[in-house]
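Work from the hints to combine the two standalone chains into their complex.
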Amino acid sequence: MTRTILTVDDSRTIREMLRATLMEAGMEVLQAEDGMQGLEVLQGARPDVIVTDINMPRMDGFGFIEAVRGSDQHRAIPILVLTTESVDDKKDRARRLGATGWIVKPFDPAKLVNAINRVAA
Amino acid sequence: MDTMAAIKQTFFQECEEQLAELETGLLAIESQQVDDDTINAVFRAVHSIKGGAGAFGLDELVRFAHTFETVLDLLRGSQIEAAPPLVKLMLRSSDTLADLVRYSRDGGEMDQARVGQLHDELMQVVNPVATPACAQSAEPHAGDDEAGGDDPEAFFPVTVTFDDLIGENSDDDGQIVFNVWFKPKPELYAKANDAAKLLRELRALGEADIACDRSDVPLLSELDPEGAYLAWNVRLVTSAGESAVRDVFEFVEFDCEIRIEAEPSVEPDFEFTPEPVAEIGPAEAPADSPAIPQAVLERLAEFAPEQAAKAAAPSAGASPAQQAQTTIRVDLDRVDRLIDLVGELVINQSMLAQRVTEAGIARLSDVAVGLDDLEQLTREIQDSVMAIRAQPVRPIFQRMSRVVREVADMTGKSVRLITEGENCEVDKTVIERLTDPLTHMIRNAIDHGLESPEERVQAGKPEQGVVRMTAAHRSGRVIIEVSDDGSGINRERVRSIAVDKGLIDADAQLADNEIDDLIFAPGFSTASAVSDVSGRGVGMDVVKRSIQALGGRIAISSRPGKGTAFTLSLPLTLAVLDGMVVTVAGQTLVVPLTAIVETLQPKNSDVHGLGETARVISTRGAFIPLIDVGRELGYRDCEADPVGSVAIMVESENRAQSALLVDGIIGQQQVVIKSLETNYGHVFGVAAATILGDGRVAVILDVDAIVAGSRSDPARSEGANRKRNAA
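Line order of the protein sequences matches chains A and B. Read in order, the letters of the first sequence are residues 1 to 121 in UniProt numbering. Read in order, the letters of the second sequence are residues 1 to 727 in UniProt numbering.
Looking at chain B on its own, in the form it has when it is part of the complex (with noise of 0.2 Å):
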């Protein structure tokens, strides 16, 4: 059923924002800012989750949902306290609870080891405290503790029927008399419940002989419009049972006096006076005082027409407002769509300034003016569009909470994250692709970056860790910087495992820096036996790979004693760039322009040759690799006059700077990414292409992937050669 099946995919999207939710509530009451509307949100968090469960039928993650709705109950109202072990218990139900909706969508198998035990502690809360009022949802039957909340039967609705009961009640044909006997309370009418459709039930159930008791309506100077004066007299005769009957009464069976007696088989001994009732039905149910009847209405409005009017006003003339959207909903195929479609509309609109410039057109005048406009107006579109898909980081961010108590339970280190900057906005895809490398670097982190609590406490520093993240725009990307107050980078040690690895040479004469840099290199791994935590067969090479994939760049600084941080610097959106458009040998290349320091016009002294083949520019008294574009890519075969060329001073994302060598420069400009590995396949030195305005395609390089493809050049390392073998 089609219907059902995306009711159930809204069903595990609203979990995930549910769960989000539970998350950030439990977080602020760990950290003492606990007030009303938190454990409100909190609770209704998990109550929400569990009525759709129910709607579902998921009937192991209601039982869940139900006991840990039942502690969070307790808590609401005040029944127990936020003491710090109750949140962990809570904060681990809450990722059970995460797992539970995760193995109810995707399938597998639970750990039932796991849910069942936590099920135990959060019942264990239950029980202690339980009170009458609070044991409406745990329901703990008595001797049967441990088993209370697994009983269905605790929450769902039990249905008692009274048919058999009463069977002997039954005529011949199945048929039984009932006669009922009701008088509304005023309440029941100001419940917008009505006697007319009580009648109509009755009805329904068999035939029925129905007599209105007008005995106790007052004169009319008496009469209270909102009062309820009449009473009904029923003889029933059904084949339903008493039950049936009974439920018809359900909603109202506070707000009148009822009486429903079986007949027995001879005839009643019970006394009344049928007054027939002519017709009961939605016309005589006026919306406002449905306790005054038609004959009434009509005399009332010989005296007060006014009133008479407004009592039996129709319910019609209303017509469906809008409901007030704030959001909608949209599928992800489109918006790409639209994404790609505005991407066009940006190489089209360049194209056509182009031509315009082309056809001598004077800048001022209207066409070349209106072009302006256009262009603004492009931008603007872009721009829009591109908001749509941005997202801010803090789902990524709350996931990395539950890392972060995972990892510290496991290694037995007490950890605290500070988040700052979940608002952020990135683009989806980003956002995606960036849980699991930053999974990577928070296990490493609370695994390799902090001490024990008791070398802490040695090292005269709190017990308890700190891990921060933190996430801010800067100059047109985002940057995630992950960092904890640990004891540093061991640097003798990375060292030494790069040597015996054969990273390094052993006489290797290295910077700070480029030591810390070696736990990035493929196969590099710290933790002398691989531990649970942080090996899970990838190392910093893994994390580093796929930031790069995302057009992002991964530093890291440390300091002996203080801690380490990793910063990723991220593009906002994936689809655009703004580029360096050069030439080299006859070919237009774009230069991504977040890489570019600066560029110079070399002069024939400043450039030096450095063994066979590599060459250095001098610049500002340093001297920078030059890195001849059109050779790293086959482009021509002999080595390019560095005068009369430009030199393009990038920097990578080890903040070492290289000089690419290109023929000239001919401007600056944003480009749409298409990507090539996608239609074609993956180019050494290239990270995508684009259509320029003049409709000729032209690469995008991938400048790291150049500057470290040139520098293990010269000493032909293996790396090298396999990367280059690839492409």
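Chain A with its partners taken away, still in its complex shape (with noise of 0.2 Å):
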């Protein structure tokens, strides 16, 4: 089964780093700048997991989680949270709003697929 991953990231390099270790790793990707579009693509996906990142305009990754795990639809989709720190509190605090896991910024792709084999269904 092919595992289709949400992308989330204002920074167009990430995005396209994630996609190229992603499909490498032969899954399908979706993408999204921020959390409010990021909202917008999961009400037409259904993605196994979500990748986002922390610090993005409009809505923030602490945003985007809170509306995911909010949603009865969406709640149980695994969330990776991108930190370019290994720095506890933003880590913590997305954790304490519903974050599945994290990955460290600039992440090796080989952790990154492990990460999501490791969260998804």
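Calculated directly from the structure, the hints in this document are not laboratory data. Among the hints, erroneous ones may be present.
Said to hold, decoys possible - Under the rule of at most 27 Å between Cα atoms (straight-line distance), these lysine-lysine pairs were calculated in the DSSO-like manner:
#: 1; chain 1: B; residue 1: 88; chain 2: B; residue 2: 674
#: 2; chain 1: A; residue 1: 90; chain 2: B; residue 2: 185
#: 3; chain 1: A; residue 1: 91; chain 2: A; residue 2: 111
#: 4; chain 1: B; residue 1: 428; chain 2: B; residue 2: 88
#: 5; chain 1: A; residue 1: 91; chain 2: B; residue 2: 185
#: 6; chain 1: B; residue 1: 562; chain 2: B; residue 2: 461
#: 7; chain 1: A; residue 1: 91; chain 2: B; residue 2: 183
#: 8; chain 1: B; residue 1: 8; chain 2: A; residue 2: 111
#: 9; chain 1: B; residue 1: 428; chain 2: B; residue 2: 8
#: 10; chain 1: B; residue 1: 183; chain 2: A; residue 2: 90
#: 11; chain 1: A; residue 1: 111; chain 2: A; residue 2: 90
Structure, rendered in structure tokens:
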């Protein structure tokens, strides 16, 4: 079964890297530029895993995680958070809001795929 | 690796955008327009650059961006204030960040001392106010203050391995036995983690005996569907170390109770009653309530089939949605190819129209009407395609604010740059080629135009000088003005320099504007000593030439004590041009419409000889030089008879009028510009060529060159001869 991953990041570079990495691993990739657009994409799709950045315009990763977890339809989708810092407070806040796991940027492609496989159903 | 190279290119493109965003934000902060959105945007810009740079291992860039970001984070958290010195520091940091990005892209050696110094200054902002909350990023180690931000470990994760610590627990064959007990809390499931997945991972590490502890499961009437009641005992025999086992629980360590114990090589003294779980896999992990085992679901189904169905609903049936796209990136070559094709279409369409007319088809016939529609459509397509290439001048304006800062620093002058009309759109090529001329004009405005702060105060002006850069659309052209509120052009000095350099005779009578125009003369420079700032080997003559090469004009106006203004008038596009089609000595020529003021049919009495060869035409009480285009271009030797010819009054960039004598006017037409220089070579008096409706090639006149050429003609000055010989 091909896994579909929704990537939410305002950086085109990171989006492209995620796309390349995930497609290489045989996954399908949906993209959004911020939390708001992420929610829009979710209206028409049911990804297996969401990978989201924290710092984004309009709706940041925290808001996005909260919104996904608050939705009956999508709350069971695993969410991995991309953080630049291995620092705990952002990761902790994301975790408290419902993030399933996290990946530290710059991410190692193998680790990313591994983390996705880990949380995906 | 192609993909990586492409992504790297994307990264650098994005960096440029982020840098522009950063600068805009910092400038807004500088002008006291501080709001959270701006500060967040500024922070995000640096953060994004850092993130991408990290992905490509651009360590130097990461390090600087990181420290810069730390300062911005403090600002964001209102831990420091955006006082002017700090804003200045941040603007300089943004410039350096831009340099680092460019060096990372293009290679070359960065001025390490400058980066280092700036880095230290940023660290000084970080350190005095560092609190545990912000120490996250800057990580100022005790006794290691200035190097704190240089430490890559301040930001990159460190993997700690415990494997060595438990070496004595290994079996002979390197296998260790772990007893793992874990009991998920409801939060674990709420975060879309799943005990089943954890068990799956444990099993991947080695041989696992898994037992489910159901002792806490309440009666069905008391069962909370979102509750978590199950616990698991796992006896894991693995050659992986303890850290690998702990890693399995990395994401859930706070959301479950967990014990991991390595067994001594002897038999376990740890008590548990294994109740083997049949199969653990995706099928048993229903999306919505993973806490409920299949057996429970089945039983539940007997009582509440709907809920059970919902709880067990598979995650299938979703189709990927199209991402809401607002922009696409297209290779410029493709756009240019499209523009070329549309150009051909325009030519083709006008050829077709001409054939139809020649065939004597009535204007109201279906064919002619259909052709009119086609013309309309063609025009619209052309406009739309041109709009693809159009870009706002904003990026180049933003770049100028850096130039202003640098020059202000170098000259010790205080300068404020005011920009207006950044959204004005111009052809991409025009924008690209405007950077150098504008940079030079801004440098000039600050270096030569503005007075020193002391002089300004003496003159009763505010200490801070103002350089204003505006862009606006005016009658199909874009007008860019660079002005300063300095002392204006020192005409006496300009004049004496021009005399010294032999540009004019000592007794020449020149009007004010003619003196001002002297600064465009080749080799002219008012700086008595070539300064660091303006004297980069180019003068205003180079600026003028590059503007003219774009089909633009430049004019200067200056008021003593009030300031100087340079006005650039540029075509919106370099691909088409509205022209007047004329005939000269049997040749068809196109005169750009923008240069034409009026046309008239001279009478014999209007034309007067002046000296041996020159003629003037009197119109509206003024004498205007008459230029015989046919002779200038070498189409004929003898002078044309003005009577029966048409005089086209043109205005060159210094607002001087001339009359071009041509044989007749065919009409007015939009023509597609085909470069002659690319395909053939430069020809004096010719700007480019085009293909007319009847398929004939016509040259487009370079009005300014012809006017300039004819003016220097009677005097036979050196410059004119050189120009002609070159042609």
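Outcome of the hint check:
1. Distance hint between residue 88 of chain B and residue 674 of chain B is unfulfilled; the C-alpha atoms sit about 47 Å from each other, more than 27 Å.
2. Between residue 90 of chain A and residue 185 of chain B, the direct Cα distance comes to roughly 22 Å. Compliance with the 27 Å bound is thereby established for this hinted pair.
3. Straight-line distance between C-alpha atoms of residue 91 of chain A and residue 111 of chain A comes to about 17 Å, which keeps the hinted pair within the 27 Å bound.
4. Under the criterion of a C-alpha separation no larger than 27 Å, the hint pairing residue 428 of chain B with residue 88 of chain B is inconsistent with the structure, at around 31 Å.
5. For the proposed pair residue 91 of chain A and residue 185 of chain B, the alpha carbon gap of about 19 Å is at most 27 Å, so the pair holds.
6. As the CA atoms of residue 562 of chain B and residue 461 of chain B are separated by approximately 10 Å, the hinted pair is consistent with the 27 Å bound.
7. The suggested pairing of residue 91 of chain A with residue 183 of chain B holds, with an alpha-carbon distance near 23 Å, which does not exceed 27 Å.
8. For a cut-off of 27 Å, the pair hint linking residue 8 of chain B to residue 111 of chain A stands: about 21 Å separates their Cα positions.
9. This hinted pair checks out: residue 428 of chain B and residue 8 of chain B have alpha carbons roughly 23 Å apart, not beyond 27 Å.
10. Using a Cα cut-off of 27 Å, the hinted pair residue 183 of chain B and residue 90 of chain A holds, with the two alpha carbons roughly 26 Å apart.
11. Our distance criterion of 27 Å between C-alpha atoms is met by residue 111 of chain A and residue 90 of chain A, whose separation comes to about 20 Å.
The structure does not agree with the numbered hints 1, 4 stated previously, though it agrees with the rest.
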